[in-house]
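Chemist: Sequence:
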Amino acid sequence: MTLTNRTGATGRYGTAAGTGAAAAFILVAVGGSPAYVGWAGGNTDSSSAGGWFLRLLAWPAWSYDPEVPGGLFAANLRAVLLVVLAAGLLYLLPAAQAARVPGSASQFFTGWAAYALAGGLASLVAASAGPDPSLLTAVQSGGTGATYGFLSGWIVGTASLGGRA
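Heads up: the sequence shown at position 35 corresponds to 35 in UniProt numbering, and the numbers run straight through without jumps.
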């Protein structure tokens, strides 16, 4: 499986921003799914690095259950905003186009940075729209989202490699 999309007979590859946005969508759709969240919570050891990371990937949890802690609207808003902001930032961040030496390193770090920033912003906004909004809750939630984006953003950065800038 390649990380970029071939577009018809022209032989052109997908853009770095497009492949990064697809990776962000997949991370949220799979990692945040109720099935994965339940599996990660019940089958991983939080005291091991691998288990902790697998639980971290479940952070953008979305749900259909109205009894979800923190409110159904806020949880789903966080997941949607994470994908939308990541895609928008991947298209807006000019590092890959403006780099002195355009190439793999700038695409990787642009994708990684976009996902870290999107995680923090999405969490900050969603916490403000939650059932008990406060400045402290929003800032703490933004920090958690930025941590998630920083530690899992390398996946989006890797997916951005090889696409057109």
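Hints listed in this document are in silico derivations from the structure and should not be mistaken for laboratory results.
Any given hint could turn out to be false.
[What the hints assert, rightly or not] Estimated spans, in silico, between C-beta atoms of each pair:
id: 1; residue 1: Ser47; residue 2: Pro69; range: 18 to 24 Å
id: 2; residue 1: Arg55; residue 2: Val80; range: 20 to 26 Å
id: 3; residue 1: Asp65; residue 2: Ser128; range: 18 to 24 Å
id: 4; residue 1: Tyr91; residue 2: Ser47; range: 38 to 44 Å
id: 5; residue 1: Ala129; residue 2: Phe150; range: 19 to 25 Å
id: 6; residue 1: Phe150; residue 2: Ser46; range: 15 to 21 Å
id: 7; residue 1: Leu135; residue 2: Gly50; range: 32 to 38 Å
id: 8; residue 1: Val139; residue 2: Asp65; range: 36 to 42 Å
id: 9; residue 1: Ala105; residue 2: Leu135; range: 33 to 39 Å
id: 10; residue 1: Gly50; residue 2: Ala129; range: 17 to 23 Å
id: 11; residue 1: Thr137; residue 2: Trp52; range: 21 to 27 Å
No residue lacks a Cβ here, since even glycine has one placed at the ideal position from N, Cα and C.
Chemist: All hints, please: hold or fail.
Modeler: Hint check results:
no. : hint                        : verdict
1   : Ser47 - Pro69: 18 to 24 Å   : holds (22 Å)
2   : Arg55 - Val80: 20 to 26 Å   : holds (21 Å)
3   : Asp65 - Ser128: 18 to 24 Å  : holds (22 Å)
4   : Tyr91 - Ser47: 38 to 44 Å   : holds (39 Å)
5   : Ala129 - Phe150: 19 to 25 Å : holds (23 Å)
6   : Phe150 - Ser46: 15 to 21 Å  : holds (19 Å)
7   : Leu135 - Gly50: 32 to 38 Å  : holds (35 Å)
8   : Val139 - Asp65: 36 to 42 Å  : violated (27 Å)
9   : Ala105 - Leu135: 33 to 39 Å : holds (37 Å)
10  : Gly50 - Ala129: 17 to 23 Å  : violated (33 Å)
11  : Thr137 - Trp52: 21 to 27 Å  : holds (23 Å)
Hint compliance for this structure: hints 8, 10 are broken, all remaining hints hold.
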